[in-house]
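Using the supplied hints, reconstruct the complex from the two chains, each of which is provided in its own coordinate frame.
As given, the protein sequences belong to chains A and B, one line each in that order. Counting in UniProt numbering, the first sequence runs from 1 upward without gaps. Counting in UniProt numbering, the second sequence runs from 1 upward without gaps.
Everything labelled a hint here was simulated from the structure, so no lab data went into it. Ideal Cβ positions, reconstructed from N, Cα and C, are used throughout, including at glycine. Treat the hints with care, since some could be wrong.
[As the list claims (entries may be wrong)] To give an idea of the interface, some chain B residues facing chain A are shown, with a C-beta separation under 8 Å as derived from the structure:
{"#": "1", "residue": "Leu-56"}
{"#": "2", "residue": "Glu-59"}
{"#": "3", "residue": "Glu-117"}
{"#": "4", "residue": "Asn-119"}
{"#": "5", "residue": "Gln-137"}
{"#": "6", "residue": "Gly-166"}
{"#": "7", "residue": "Asp-174"}
{"#": "8", "residue": "Asp-178"}
{"#": "9", "residue": "Lys-290"}
{"#": "10", "residue": "Gln-291"}
[Unchecked claim] Derived pair list, reagent style SDA-like, types lysine to any residue, alpha-carbon separation capped at 25 Å:
{"#": "11", "chain 1": "A", "residue 1": "Lys-175", "chain 2": "A", "residue 2": "Gln-63"}
{"#": "12", "chain 1": "B", "residue 1": "Lys-212", "chain 2": "B", "residue 2": "Asp-177"}
{"#": "13", "chain 1": "A", "residue 1": "Lys-175", "chain 2": "B", "residue 2": "Tyr-179"}
{"#": "14", "chain 1": "A", "residue 1": "Lys-90", "chain 2": "B", "residue 2": "Asn-119"}
{"#": "15", "chain 1": "B", "residue 1": "Lys-183", "chain 2": "A", "residue 2": "Asp-174"}
{"#": "16", "chain 1": "A", "residue 1": "Lys-56", "chain 2": "A", "residue 2": "Ile-215"}
{"#": "17", "chain 1": "B", "residue 1": "Lys-283", "chain 2": "B", "residue 2": "Ala-60"}
{"#": "18", "chain 1": "A", "residue 1": "Lys-47", "chain 2": "B", "residue 2": "Asp-177"}
{"#": "19", "chain 1": "A", "residue 1": "Lys-180", "chain 2": "B", "residue 2": "Glu-149"}
{"#": "20", "chain 1": "A", "residue 1": "Lys-91", "chain 2": "B", "residue 2": "Leu-297"}
{"#": "21", "chain 1": "B", "residue 1": "Lys-145", "chain 2": "A", "residue 2": "Ala-129"}
{"#": "22", "chain 1": "B", "residue 1": "Lys-305", "chain 2": "A", "residue 2": "Asp-46"}
{"#": "23", "chain 1": "B", "residue 1": "Lys-145", "chain 2": "B", "residue 2": "Pro-180"}
[Stated by the list, open to error] The calculated label-pair distances, taken between Cβ atoms and stated as ranges, are:
{"#": "24", "chain 1": "B", "residue 1": "Ala-230", "chain 2": "A", "residue 2": "Arg-183", "range": "37 to 45 Å"}
{"#": "25", "chain 1": "A", "residue 1": "Ala-93", "chain 2": "B", "residue 2": "Lys-183", "range": "46 to 54 Å"}
{"#": "26", "chain 1": "A", "residue 1": "Asp-204", "chain 2": "B", "residue 2": "Thr-195", "range": "36 to 44 Å"}
{"#": "27", "chain 1": "B", "residue 1": "Ser-36", "chain 2": "A", "residue 2": "Ala-185", "range": "53 to 61 Å"}
{"#": "28", "chain 1": "B", "residue 1": "Asn-282", "chain 2": "A", "residue 2": "Asn-154", "range": "17 to 25 Å"}
{"#": "29", "chain 1": "B", "residue 1": "Asp-181", "chain 2": "A", "residue 2": "Arg-192", "range": "30 to 38 Å"}
{"#": "30", "chain 1": "A", "residue 1": "Gln-63", "chain 2": "B", "residue 2": "Thr-195", "range": "51 to 59 Å"}
{"#": "31", "chain 1": "A", "residue 1": "Asp-51", "chain 2": "B", "residue 2": "Leu-311", "range": "51 to 59 Å"}
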Amino acid sequence: MPNKPTCSILAAPILVAMVGISLTACKILPTPSGENGGNAPAFNADKMVGDIWAAKVVPYLQQKAGSFPEVHALAKADPAAAGAKYGNPKKQANSPWTFAVRLEGKVVAANTQSRAATMDVDADGDGKADARVQIGPAMRGTALRDSLDFIQFNDFTNQIDFAQFGKAFNIHADKTVLSKLPREALEGRSVRIVGAYVMGSGQDLPLVTPAEAEIGPKP
Amino acid sequence: MKLTRRMTLAAFAGMLALGTAAPAYAADLIAIITPSHDNPFFKAEAVGAEAKAKELGYEALVLVHDDDANKQSELIDTAIGRGAKAIILDNAGADATVAAVQKAKDAGVPSFLIDREINATGVAVAQIVSNNYQGAQLGAQEFVKLMGEKGNFVELVGKESDTNAGIRSKGYHDVIDDYPDLKMVAQQSANWSQTEAYSKMESILQANPDIKGVISGNDTMAMGAYAALAAAGRKDVIVVGFDGSNDVRDSIASGGIKATVLQPAYAQAQMAVEQANDFIKNKKSPAEEKQLMDCVLINGDNAAKLETFALTN
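Pulled out of the complex, with its shape left as it was, chain B reads as follows (with noise of 0.2 Å):
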């Protein structure tokens, strides 16, 4: 009885939904939806991709899942709801995600990735992601450098139902393992969080004062155990990141953090729209659905140069 009223509801939520989109058809509606603007890459790929949807003489509909499947799945029903003609979406996680865009595909609403990947194809059109295997190996080698390829060290992990997560951490570690005098003390998650980075931080160095390096696989998580080991006046750790944040980027010209990895969140996301674009107007899918864009070593030689998630030149 329960499920048929929600249902009766919802059929008229759809409706209403249905009507109010009608009229905005004059320009047609691509969805943006990434995880929390909190985090300044997340930002830059919505900026990036509603300013080339703009351009391109779309309406942009943008949103954030906060890393919440079930909002994400929402945000879907809204997008489909609305009328969107194409969908980009960084996900909510590469197994939750699956069902939420095949919905959004059943409803002939094509999805275009980016930044993280989902365990399917055939259900996205395209899949844009940063080669983190290749930026984790990037940020690996020059952390076992500034190491001197020994001492202890600490690495902390995204968030675990990110494919992303993953991936650096094995990027990392092809490298890091292959120096036996490098040991890793601690490897714990904060969740891509920079709060989480800093109070985890703080417990390691207790337990472990003896740690002459942090690794973390991204750049939120690499500020918090920066700011953690500097108000415990080890500012002597060095720290690399992954991302390429413009706060990355302002420790390492004020001799912080040591150097990240640049994934290019900006252009990706431009480039997504150009793909939904193509899509849209020529019914023309990308040549491969799964791409992969390399990402570039920032260190004290290059800072300067990274604005926003792009390197000017």
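If we strip away everything but chain A, and leave its shape as in the complex, we get (with noise of 0.2 Å):
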């Protein structure tokens, strides 16, 4: 029981029942909402992202980056620690880490057929996938927005949009970065990539979303 006087707990339900009667004496219409849920066609997710992308995103994800065998290595051993060092410590508590890394290796097999399209790639050295980087135009997931620590779900207006600037964030990748990579005879190629991963639970290869990449000649 908080310590509070008696009589404003007892004086709260008048007041409010007063004040609810003024409530239920008019009607309460909702807001008529379009497709968006109503939300103001001030927001502009792209833009956003464009306005933040070289001068706050690639800068954080360079600096934050561990390599990719070093972050996964100690996300298996330590999931904590590894979040500490490599992830975003303002996550939502619920949500698994999310990792800035560097890939470097060597393509060992690429989907380009899907829209969805990946190339697996060899950190290592031992001719083995371990790592499969999105290289578009369909892309998954928001790995590059909940990376950083200075996105906040709560400076938005509801998911609506938070989930725009998730997938702006895509959009921009795609468009300057990974639309330009070649997409023929990949295999064997060398790349270099800087981006995020979201630590998974299951047997499937960490899904690296780049920001920035690399592929080399033909070799």
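This is how it looks when you write it as structure tokens:
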């Protein structure tokens, strides 16, 4: 029991009963909302991402990123320690860690048949794939957005705006980086990626979303 | 004149409520207000919240607003009148609810929102919602895979006043629209309702017999759509839902609906009660008002582990 004076506890309901009436006497109609749930048309996720990409996003990832084998090994052994070092400390409590990562290695397989194209990269030289890199145009998830400690869900009106903002990172990466990459004969080429991936629990390869990507010439 | 009389009556009612509430102060009260329990999702929320409230020594007042903002406003009056120490609310509209939650706040009763957001911050103490966008992307990715990245499909959308209807649709399209060979031939709202989804699906199917898939904003609409498809001899149509209900779990197990996305409804409601308890006893608010909980894809691989909106190990 909080140590509030009894009178205020008793007074509150009466006050509220009065307030309640004045509210129920008029009919409350929901504001008509459009397809986007009624958010303000002024919100422009693509522009917001465009504005921070070169100035904040890429520098943040470059500074925060660890090399993939190190990040992945630490994530397996001690997720909290990996999170503290390479993750976004302000992530949602129930969400898995999203790590900033630098991936260098050789392409050992590629799937460019799907619109969600990917290439599998061997980072430790054993000839086996260690990570899968999204190369668009269709891209999954919101790893880039979720890796940044200066982006907060609470700063957005609702999930729709927050989601659009997340998607805008993928669109920007595709437009400015990934669409310029070669698509043919990727196997055997060297790659250098700076990006982010979400720590998974399954058997699938870690899925890296690039913010920067370079692919070397054909071997 | 009429208004004055109503006010006097209501003031009496308020006093009466106060009188009856007084003995109940022995155990503090938490009000749990959700949409109709006809949808097992909302029932799971109410059951989860009530169980946690009782475990923490509270009395629980369980109410349903049937997605009617006016009724919700009255129920909030009831909760305030009964001297509730906190309100756990799955609300009846992102815009319409703001005033009702503000009213409770002004009366000193904190609200802890679950499942659905409102379009305002600083009014509720907490808004704990499933990451509907992340969940919708999981569902859409599975749908795209099942469809082989091509074919005609139908989308059933939820109730328009609910942010979740828009966010799931957006999540679906952000994935699906990247595949130009997937063509949406119809998009209709069935207002989260199974019966409405059944009748809408019947007429959509008549106009578009060549559909290959249906993606639905929730499980009850997916159940309605699948029933209509089955009745028309079209069990071949791929149906994907959202929520992770036991009904859809059973349908997946028997080869009906192909996939859904689990929202941790039970755990979410319990978390809201824990935060309410912390606020009541320690005057401590959660670090962030808006909190997202991740969703999980459910398909043939893990459906057997699903029970009442939670995955068992």
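Hint by hint, here is what the structure shows:
1. The restraint placing Leu-56 of chain B at the interface with chain A is violated, with a minimum CB-CB distance near 14 Å, outside the 8 Å limit.
2. With 8 Å as the threshold, the beta carbon of Glu-59 of chain B stays out of range of chain A, its nearest partner Cβ sitting at about 14 Å, so the hint is violated.
3. Residue-level restraint check for Glu-117 of chain B holds (minimum Cβ-Cβ distance to chain A is 5 Å; threshold 8 Å).
4. Look at Asn-119 of chain B: its Cβ gets to within about 6 Å of chain A, closer than 8 Å, so that hint holds up.
5. Evaluation of the Gln-137 of chain B hint against chain A yields a held restraint, the C-beta minimum of about 7 Å falling below 8 Å.
6. This hint holds: Gly-166 of chain B has a C-beta 4 Å from the nearest C-beta of chain A, less than the 8 Å allowed.
7. Hint on Asp-174 of chain B holds. Least Cβ distance to chain A is approximately 5 Å, under the 8 Å limit.
8. Look at Asp-178 of chain B: its Cβ gets to within about 3 Å of chain A, closer than 8 Å, so that hint holds up.
9. With a cut of 8 Å, the hint placing Lys-290 of chain B at the interface with chain A holds, because the nearest CB-to-CB distance is about 5 Å.
10. A cut of 8 Å between beta carbons decides the hint on Gln-291 of chain B: the least distance to chain A is about 6 Å, and the hint holds.
11. Restraint check for Lys-175 of chain A and Gln-63 of chain A: satisfied, since their Cα atoms lie roughly 23 Å apart, inside the 25 Å limit.
12. A distance of roughly 16 Å separates the Cα atoms of Lys-212 of chain B and Asp-177 of chain B; the hinted pair therefore holds under the 25 Å criterion.
13. Restraint check for Lys-175 of chain A and Tyr-179 of chain B: the C-alpha separation of about 17 Å stays at or below 25 Å, so the hint holds.
14. Between the alpha carbons of Lys-90 of chain A and Asn-119 of chain B the distance comes to roughly 22 Å, so the proposed pair stays at or under 25 Å and holds.
15. Distance restraint check for Lys-183 of chain B and Asp-174 of chain A: the Cα-Cα separation of roughly 23 Å lies within the 25 Å cut-off, and the hinted pair is therefore satisfied.
16. Our distance criterion of 25 Å between C-alpha atoms is met by Lys-56 of chain A and Ile-215 of chain A, whose separation comes to about 24 Å.
17. Distance hint between Lys-283 of chain B and Ala-60 of chain B is fulfilled; the C-alpha atoms sit about 20 Å from each other, no more than 25 Å.
18. A hinted pair counts as satisfied when its Cα atoms are at most 25 Å apart, and Lys-47 of chain A with Asp-177 of chain B qualifies at roughly 21 Å.
19. Proximity of Lys-180 of chain A to Glu-149 of chain B is assessed by CA-CA distance (about 24 Å); at most 25 Å being required, the pair is judged to hold.
20. Distance check on the hinted pair: Lys-91 of chain A and Leu-297 of chain B sit about 21 Å apart at the alpha-carbon level, within 25 Å; holds.
21. For the hint linking Lys-145 of chain B to Ala-129 of chain A, the alpha-carbon distance of about 22 Å falls within 25 Å, and the restraint holds.
22. Distance hint between Lys-305 of chain B and Asp-46 of chain A is unfulfilled; the C-alpha atoms sit about 40 Å from each other, more than 25 Å.
23. The hinted pair formed by Lys-145 of chain B and Pro-180 of chain B meets the criterion: a straight-line CA distance of about 14 Å does not exceed 25 Å.
24. Separated by about 42 Å at the C-beta atoms, Ala-230 of chain B and Arg-183 of chain A satisfy the suggested range of 37 to 45 Å.
25. Under the hint 46 to 54 Å, the C-beta atoms of Ala-93 of chain A and Lys-183 of chain B, about 40 Å apart, miss the expected range.
26. Separation of Asp-204 of chain A from Thr-195 of chain B is about 39 Å and conforms to the stated range, judged on CB atoms against 36 to 44 Å.
27. Here the CB-CB span from Ser-36 of chain B to Ala-185 of chain A is close to 58 Å, well matched to the stated 53 to 61 Å.
28. Remark: the range hint 17 to 25 Å for Asn-282 of chain B to Asn-154 of chain A is upheld by a beta-carbon distance near 22 Å.
29. Under the hint 30 to 38 Å, the C-beta atoms of Asp-181 of chain B and Arg-192 of chain A, about 33 Å apart, fit the expected range.
30. Gln-63 of chain A and Thr-195 of chain B have their C-beta atoms about 56 Å apart, which keeps the hinted 51 to 59 Å range intact.
31. Take Asp-51 of chain A and Leu-311 of chain B: their Cβ atoms lie about 40 Å apart, and the range 51 to 59 Å is violated.
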